[in-house]
Amino acid sequence: MKKKHEGFELIDHTADIGLRIWACDLEGLFRCGFSGFLRLIASESISSDSTRTIDLESPDKESLLVDFFNELLYLVNMKKWLPLGIEDIKVSERKIKAVISGTGRISARDISMEIKAATYHNLKIISNDDIMSTVVVFDT
Amino acid sequence: MIRKVSDYKYVIERSSGMLVEGLIFADDAMMKSIQEDNAHSQVANVATLRGIYGYSMAMPDIHYGYGFPIGGVAAFDVEEGIISPGGIGYDINCGVRLLRTDVKYGDIDKNDIERLNEELYRNVPSGVGSTGRIRINEREVERVMEKGAGWAVQKGMGEEEDLEFSEESGCMEGALPECVSGRAKERGREQIGTLGAGNHFLEIQKVDTVFDKTAAEKYGIEEGQVTVMIHTGSRGLGYQVCDDYLKVMNRASEKYGILLADRQLACAPFGSDEGRRYFSAMKCAANYAWANRQCIMHWVRKSIRDVLGKEVKVGLVYDVSHNVGKVEDHEGRKLIVHRKGATRAFGPGRGGIPDEYGDTGQPVIVPGTMGTFSYVMKGTEKAMSESFGSTCHGAGRVWSRSRALRSLRGSDVVDRLRMSGISVKAKSLKTVAEEAPDAYKDVSKVVDICHGAGLSEKVARLVPLGVVKG
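Going down the list, the protein sequences come from chains A and B.
Numbered as in the numbering used here, the first sequence ends at 140 without a single skipped number.
Numbered as in the numbering used here, the second sequence ends at 470 without a single skipped number.
Don't take each hint at face value.
Claimed, not checked - 27 Å max Cα-Cα, derived BS3-like pairs, lysine-lysine:
(1) Lys80/A <-> Lys382/B
(2) Lys104/B <-> Lys255/B
(3) Lys95/A <-> Lys382/B
(4) Lys79/A <-> Lys427/B
(5) Lys206/B <-> Lys104/B
(6) Lys302/B <-> Lys147/B
(7) Lys247/B <-> Lys80/A
(8) Lys95/A <-> Lys79/A
(9) Lys213/B <-> Lys382/B
(10) Lys247/B <-> Lys90/A
(11) Lys124/A <-> Lys147/B
(12) Lys79/A <-> Lys4/B
(13) Lys382/B <-> Lys155/B
(14) Lys110/B <-> Lys124/A
(15) Lys206/B <-> Lys218/B
(16) Lys80/A <-> Lys334/B
(17) Lys206/B <-> Lys147/B
(18) Lys427/B <-> Lys206/B
(19) Lys79/A <-> Lys206/B
(20) Lys155/B <-> Lys4/B
(21) Lys80/A <-> Lys95/A
(22) Lys213/B <-> Lys104/B
(23) Lys313/B <-> Lys213/B
(24) Lys95/A <-> Lys247/B
(25) Lys213/B <-> Lys97/A
(26) Lys80/A <-> Lys4/B
(27) Lys302/B <-> Lys334/B
(28) Lys425/B <-> Lys206/B
(29) Lys4/B <-> Lys427/B
(30) Lys97/A <-> Lys80/A
(31) Lys255/B <-> Lys334/B
FYI, nobody ran anything at the bench for these hints, they're computed from the structure.
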């Protein structure tokens with residue numbers, strides 16, 4: 001039943017790209033965000049061969065979400081390591097610890113677009129009828 | 001409430017927290033599309049920021065961005081006002097460099113252009129997350145940040161004269177590497193001399209029409225001449241500086257009691273420790289971008305000489321930045337002018353432009369899209385009094401990337417461009433579809449509005465012959 005209440009969709013933004021995500025709780029929201037991010041950035045499905053841990057602390061949950069995405073972008077752009085799945089994740093209002101599976105065996109063709117960063121533009125995680133949702137705009 | 005005040009000016013009246021009015025340079029049709037895009041609401045948001053002076057402005061190529069609009073210009077008093085990383089953008093000192101050659105189209109043909117395009121594609125690293133031919137350590141990244149384009153020239157990648165024909169001579173003073181995070185420096189190690197992806201490009205062009213012979217002569221431009229345009233910025237280093245300081249500014253906004261209409265407008269008083277450190281880090285990223293374009297120019301120069309002949313002269317018309325913050329004197333005040341998707345357009349007699357262009361005004365390089373014209377304009381006196389010496393920066397998007405992908409196929413766009421005689425080399429056909437001319441406003445209309453409003457005047461029009469995209 002829970003899955004019906006989780007998801008993501010890409011939304012139009014004139015110059016950039018928006019990602020709407022919704023879930024029953026914060027952890028689900030980050031999972032959906034991860035799936036949406038993957039849809040944006042990975043051109044086709046490839047297999048994981050390693051894991052990395054993301055351990056972040058931020059002033060509030062919105063900043064935590066931006067920091068999470070920007071950490072994933074750093075792994076892609078700087079470490080040439082493509083995140084592909086979440087093995088384990090623990091999220092609180094200000095902290096996230098996640099074990100991410102992915103691969104460093106990628107070529108330029110595996111990355112479908114250059115995202116500069118996740119932004120704070122109008123960012124607010126809202127809770128309504130037990131559903132948490134937000135829209136994150138990425139600068140592309 | 002928006003009211004038209006003249007043919008090319010619309011004022012957004014003050015409301016809910018706006019400290020000054022908004023001012024958009026547009027004609028009726030452009031204004032309609034700006035309102036449909038809701039970009040004017042972002043002009044109004046910027047008008048709420050502390051210490052804003054004059055108007056919160058937007059150029060005709062304005063479109064909806066994040067926080068500040070793209071195409072926005074906002075000036076803040078250095079004593080009372082703020083500085084905002086979001087008002088400059090992630091791609092700090094994204095800009096355009098125009099190279100002139102002494103080759104006329106006619107002396108070379110389509111096959112030469114095809115070969116040159118191939119050579120540029122081979123010599124200039126491009127594409128998503130592209131890394132370069134140059135690998136440097138962290139200490140060397142710091143030198144790049146301190147010296148800007150001069151670093152590349154010292155390494156043999158350019159001529160002393162190149163530095164003269166660049167905004168700030170390719171290096172802003174006061175860049176302190178200690179204000180830049182280790183992660184930003186790390187991202188700078190492998191990306192110097194890379195084009196990147198998205199809207200960045202290299203373009204071989206021909207001067208198609210000269211509108212102002214005197215100015216064109218000063219800029220060394222004539223009809224039929226082959227030119228090359230480089231559009232890129234500070235790459236991952238700049239993105240990281242912006243992201244790092246947005247975090248700092250989110251805390252600072254709270255600390256200094258600054259209310260924000262949008263968190264992406266996060267800022268700090270210009271004179272605060274946070275403000276000064278960001279400004280210095282921004283200069284580091286800006287200098288990295290100038291070095292980046294200088295390295296690319298070096299490989300363009302080499303490619304041209306390898307393909308068209310060793311004796312070909314390749315000089316720099318000018319290098320402009322269209323995402324940057326600068327302290328400038330306007331109306332007797334010292335202001336920190338934020339230009340995000342806007343180009344400086346200093347007029348004749350104003351300091352900060354090369355001596356040779358002193359009587360003419362600075363060149364303003366306005367890139368179009370892959371299949372359309374680009375323009376060389378000149379800065380004006382009127383821009384100094386109307387827009388803090390600013391004008392447009394390009395065509396401005398009208399379609400989202402998803403809409404472009406839904407509507408067009410990259411291979412069709414390439415075919416269409418080939419039919420128009422434009423050679424295209426691209427790492428990604430998806431990027432080609434996203435960046436198709438259909439996704440942008442008509443650059444000629446944008447330029448005509450700026451010309452009509454007197455913010456910059458047309459000097460020459462360039463047509464694309466070959467394009468390299470990431």
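Hint by hint, here is what the structure shows:
1. Lys80/A <-> Lys382/B: violated (48 Å)
2. Lys104/B <-> Lys255/B: violated (59 Å)
3. Lys95/A <-> Lys382/B: Violated. Lys95/A to Lys382/B sits at ~52 Å, over the 27 Å cutoff.
4. Lys79/A <-> Lys427/B: holds (20 Å)
5. Lys206/B <-> Lys104/B: Judged against 27 Å, a Cα distance of about 8 Å means the pair holds.
6. Lys302/B <-> Lys147/B: holds (23 Å)
7. Lys247/B <-> Lys80/A: Since the Cα atoms of Lys247/B and Lys80/A sit roughly 25 Å apart, the hinted pair holds (cutoff 27 Å).
8. Lys95/A <-> Lys79/A: holds (23 Å)
9. Lys213/B <-> Lys382/B: holds (20 Å)
10. Lys247/B <-> Lys90/A: Distance ~22 Å between Lys247/B and Lys90/A Cα, so the pair holds.
11. Lys124/A <-> Lys147/B: violated (40 Å)
12. Lys79/A <-> Lys4/B: Judged against 27 Å, a Cα distance of about 51 Å means the pair is violated.
13. Lys382/B <-> Lys155/B: Violated. Lys382/B to Lys155/B sits at ~40 Å, over the 27 Å cutoff.
14. Lys110/B <-> Lys124/A: violated (53 Å)
15. Lys206/B <-> Lys218/B: holds (18 Å)
16. Lys80/A <-> Lys334/B: Outside the cut-off at roughly 44 Å; violated.
17. Lys206/B <-> Lys147/B: This hinted pair is violated, its Cα atoms lying about 32 Å apart.
18. Lys427/B <-> Lys206/B: holds (24 Å)
19. Lys79/A <-> Lys206/B: violated (40 Å)
20. Lys155/B <-> Lys4/B: violated (52 Å)
21. Lys80/A <-> Lys95/A: Given that 27 Å is the threshold and the Cα spacing comes to 25 Å, the pair holds.
22. Lys213/B <-> Lys104/B: With a Cα-Cα distance of about 17 Å, the restraint between Lys213/B and Lys104/B holds, given a limit of 27 Å.
23. Lys313/B <-> Lys213/B: holds (21 Å)
24. Lys95/A <-> Lys247/B: Holds: Lys95/A and Lys247/B sit about 15 Å apart, inside 27 Å.
25. Lys213/B <-> Lys97/A: violated (63 Å)
26. Lys80/A <-> Lys4/B: violated (51 Å)
27. Lys302/B <-> Lys334/B: Violated. Lys302/B to Lys334/B sits at ~42 Å, over the 27 Å cutoff.
28. Lys425/B <-> Lys206/B: Satisfied, since the Cα-Cα distance of roughly 18 Å is no more than 27 Å.
29. Lys4/B <-> Lys427/B: violated (44 Å)
30. Lys97/A <-> Lys80/A: Roughly 21 Å between the alpha carbons, so the hint for Lys97/A and Lys80/A holds.
31. Lys255/B <-> Lys334/B: Answer holds: Lys255/B to Lys334/B is near 25 Å, not above 27 Å.
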